[in-house]
Amino acid sequence: MSALKSADDFPKDGEALNKSKTGKLKSLFLIGGGACLLLFAILAVTGGGEDGEVSRRSVMAYSWLFAVMFFLTLAVGGIFWTLVHNATNSGWGILVRRLMENLGSLTPWILLLGLPLVFCGDFKNALWEWIPEQVALEDGADKYADAHLDSEKASKLKGLQSAEAALKKLEGETATGLAKAGENKGEANFLQERLDKAKADLDKLEKGQLNDKELKEELRVHYMQHGDGKGGHGNPLLYHKHGYLNPGFWLFRYFAYVIGLGGVIYVLRKWSITQDSSGDPKYTRWLRRASCGFIAVFAICWTFLVVDWLMVLDYAWFSTMWGVYLFAGAAVSSMALLVALVTYLRSIGHFKDTITMEHYHLMGKLMHSFVIFWAYIAFSQYFLIWYANITEETKFYLLRNTDFFNSYTVILLVIGHFFIPFGALLLRSVKKTPKLMVAIAVWLLLMQISDIYWIIIPERGVSLTHGVELTISGAIWYDLLAFLAVGGIFGYLLLRSLGKASLYPSQDPRLEESLNVVN
Amino acid sequence: MAKGTTDSNQTVHPSEAPGVKRESLILNNRSMSWITDRICGIVENRQPFIWWVLFVPAVLLAACLGYTLVYLVSTGVGVWGNNQPVAWGWAIVNFVFWIGIGHAGTLISAILFLTRQKWRTSVNRAAEAMTLFAVVCAGIYPGFHVGRFWMVWFLAPVPNSNEIWQNFKSPLLWDVFAVSTYFTVSVIFWYIGLIPDLATLRDRATSKVRKFLYGLFALGWRGGNRAWKHYEMGYLLLAALSTPLVLSVHSVVSFDFATSIVPGWHTTIFPPYFVAGAVFGGFAMVLTLMIPVRSLYGLQDMFTLKHIDNMAKIILLTGTIVGYAYIMELFMAYFSGSKYEGDAFYLRIVNGPYTWAYFCMFFCNVIAPQIFWFDKARRTLWLVFIVVMFVNAGMWFERFVIITTTLARDFLPGQWGYYSPTWVEWLMFAGTFGLFMSLFLLFIRFLPVIAISEVKGVLPESDAHYPDWQKLKKGRAGADA
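Protein sequences, first through last, are from chains H and A. Residue numbering for the first sequence follows this note's numbering, beginning at 366 and increasing consecutively. Residue numbering for the second sequence follows this note's numbering, beginning at 69 and increasing consecutively.
Warning: the hint list may mix true and false statements.
Below, simulated EDC-like cross-link-like pairs (lysine to aspartate or glutamate); rule was C-alpha separation at most 20 Å, straight line [what the hints assert, rightly or not]:
#, chain 1, residue 1, chain 2, residue 2
1, A, Lys186, H, Glu723
2, A, Lys89, H, Asp373
3, H, Lys523, H, Asp566
4, H, Lys370, A, Asp531
5, H, Lys595, H, Asp504
6, A, Lys407, H, Glu757
7, A, Lys89, H, Glu878
8, A, Lys89, H, Asp507
9, A, Lys539, H, Glu878
10, H, Lys377, A, Glu84
11, H, Lys562, H, Glu536
12, H, Lys370, A, Glu529
13, H, Lys578, H, Asp568
14, H, Lys647, A, Glu522
15, A, Lys89, A, Glu529
16, H, Lys370, A, Asp536
17, H, Lys595, H, Glu498
18, H, Lys647, A, Asp443
19, H, Lys760, A, Glu409
20, A, Lys539, H, Asp373
21, A, Lys524, A, Asp271
22, H, Lys564, H, Glu538
23, H, Lys521, H, Asp566
24, H, Lys377, H, Asp641
25, H, Lys647, A, Glu84
26, H, Lys518, H, Glu536
27, A, Lys407, H, Asp679
28, A, Lys374, A, Glu84
Keep in mind that the hints were calculated from the coordinates and are not lab data. The model shown is predicted, which means the values in this text are computed figures rather than measured ones.
My request is simple: use the sequences and hints to build the entire structure.
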């Protein structure tokens, strides 16, 4: 066996990115991405469209969400791996940890690329129907309340006169009902509550608390729940959800995600880079302790981010597994990107004596286990919804199991995202062969693109054409353009962040463990 | 490399700094022979008095289980408190409770093996044994709930038995397959791990009977190089095969509930949430057993505070995951806008007959383990013991909350009811603890409680690079001086 490597044999300031070799690629990313971004912006700005027809801008909204979301999963996966590496006190991956940190540090930037989704009215109205529908609902409610205020007041006053008699009658009914109900607590509860409510109403009426504001609110709620019975439809579901789904809170949450996720990775990366110069072991302790707590911040931010951006593409749909599902995909695909990145950096001369096949093997194992985890979560979610067969839940899969999307789902997600990489990564020899690992990594990235596409795009047809068309022809070119735009910027930012510090934490106390790892 | 500047001892290399240095898993420089002597000694010497103090009542309790089972079978399932609408009472609660406990063993032995967590070696044997005993206790409930126990073979898909074909669409049937597969593979895995240690006991045996019996089960193990090579590969493959089982068993148990359309049961997060809960409860039970065992038999040098610290961390993590699932359930009950889901949770936590049980569960499972954020707490034995007791209770309450409180409030108020267990159920549940403890105490009495051959593998001298590491450290010491 060869002798162990000592950290003293490697330069103390680590390894700087060879900018002469990456410079071209970086400019290509910037120029290509920038050009695509510009073209996309022009097409979006000019794509207003007339009333009643599907505008180009609304089609492009979905493209943008798709592109931003895909690259966001990669970046957020970087945060996840950094957190896990620190929190579990790991030694094997010190050499790749800086890459994880750099990948994670793109998160706030990608979230900022999502700004048009949050601020451009046409974009958000096209994507998230609950926003325009809620505005319309509120408007209708205001109008209804204004129109009916006087008549409501009159009828309430009239009601006061008969209310006392009615209450007496109700009391009698309740007493006989309670006697009959006997052991049946549910029935008894119901009767008692009905009586209590009538008493409270009467109380209110008698005390003359009939102020306009309260009455108006009552009328508004009535409209939102039941409509006006003439043509203005209420929307009880949206009314029920408005505590969470309202534009103000929604916007607040967006900024909370930027600060939460961005803050977590900023702190971790900063400490890690500071350690490069001092080698102070206190940072290792800090990183571990902070990461444990940050996992909670990460989990909360990510869960609600994917609820806010993806789950509410159809606001009637819901699944408690949603956050975990998107997290699983993010973990697999960002590990795949790390494998590809390591191989690229090795091909231009980096990590020569440091990263070995052992590291590939370990990363392969992690990729493998998360491929399985993703399949487990995806299957469980699908299976439980299929088995219970409740309309509100099955609609998500019905849409994605119809026509074209059916074979798409089976071939790309079931076979492509699970069976192929699962089988390939079982073999140790594959995990120790960089070329094969990169092939699998690229494949997994393609599958993650398919997954995000599958989540977002099927909603486009039915939302924009109100269920007439499943797909919109020609829209795929906008998807591609958006992908290139965000991808170019992503690539540029990633190479830029790589150049800012050593490629690995050069003075981490456990560098030797990573240099000599065997498994 | 720079020295650890913030540490009081300036000559310490950063990798040896406090909080960074890897802790040894075997303390006090114990030798290989000490390990063998200490572990085999438990089996070879007379048991301490306290063993009998625990064993006799445990057997008596187990006898109570036997009595209640006879009473149940001879009288009928009506002796349980199950009613309409609460058709699933303690039988299912206790089944899921025990199955959950049976999770830690295979997680420790298989998943921690694949992830190269060397600290598992001190815990895995006892945890696996505990798993098997827990699954035995769990199996009693579905087995006997059929009433006519001799008909239980109907669960197996024997073609054309009495013109009955099993309902393959039912998750309850999948449960039969999942649990029996899990039990079978766990037994094999446990037994394969035991073989080298049984050979050790055989070689040390002083009586003929012992020599014969340990020899019989050691399958002629000689410890040759080739045997070890095959053995290690076989063990690795078994670990890989067992890993999906850790996930599958409790996922299938969760399907029993989640495939239905009962509000409060049907939710997509159930499978991973149940698995996390099972790992949580299983680790708590391992600690409940091992904290006393290590002091009783002087195993502190092999089952160290570091081991307890790690397990407490896993309890904190899984407890918090369970908390995440509770919160997601509540959020989606609101967010879905489903009236039934909303009411189910309203009745569960605000105004229902079992609200107290929900808060017991929440406190025990989510709040109590949060104390493990503190290093000190994870290494204070009495505190760890109290918290794991909370967790044991909390995981039982979780199943009770999910099953009973949901059923007690059906869709129509006319179908509302209340469930309380009868004395038979109380005694049966206590009896399963008796059985569990009896089996575990017999295990300590007759088999090595720590995997001797594996634990030797984590000694520093077992590392192929041991001399190189020494050299590396020596060179450094010279440079520092």
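Q) Has the given pair, lysine 370 of chain H with glutamate 529 of chain A, been kept, meaning a C-alpha gap of at most 20 Å? A) holds, 19 Å
Q) Given the hinted pair lysine 523 of chain H and aspartate 566 of chain H, is their alpha-carbon gap at most 20 Å? A) Holds: lysine 523 of chain H and aspartate 566 of chain H sit about 14 Å apart, inside 20 Å.
Q: Please work out if lysine 524 of chain A and aspartate 271 of chain A have their alpha carbons no farther apart than 20 Å.
A: Holds, at about 18 Å.
Q: Compare the distance between the alpha carbons of lysine 564 of chain H and glutamate 538 of chain H with 20 Å, and conclude whether the hinted pair is satisfied.
A: holds, 14 Å
Q: Mind checking the alpha carbons of lysine 370 of chain H and aspartate 531 of chain A for me, to see if they're no more than 20 Å apart?
A: Cα-Cα ~16 Å, so holds.
Q: Take a quick look at whether lysine 89 of chain A and glutamate 529 of chain A sit within 20 Å of each other, Cα to Cα.
A: holds, 18 Å
Q: Assess, step by step, whether the Cα of lysine 521 of chain H is no farther than 20 Å from the Cα of aspartate 566 of chain H, and give holds or violated.
A: Holds, at about 10 Å.
Q: Take a quick look at whether lysine 539 of chain A and aspartate 373 of chain H sit within 20 Å of each other, Cα to Cα.
A: The given pair, whose Cα atoms are some 14 Å apart, holds under the 20 Å limit.
Q. Within 20 Å, alpha carbon to alpha carbon, are lysine 562 of chain H and glutamate 536 of chain H?
A. The hint holds at about 12 Å.
Q. Are the Cα atoms of lysine 89 of chain A and aspartate 507 of chain H separated by 20 Å or less?
A. violated, 66 Å
Q. Regarding the pair lysine 89 of chain A and glutamate 878 of chain H, is the alpha-carbon distance no greater than 20 Å?
A. holds, 11 Å
Q: Below or equal to 20 Å on CA atoms is what counts here, so check lysine 374 of chain A against glutamate 84 of chain A.
A: Roughly 16 Å separates the two Cα atoms, so the pair holds.
Checked against the numbered hints given earlier, this structure breaks hints 8, 14, 26; the rest are met.
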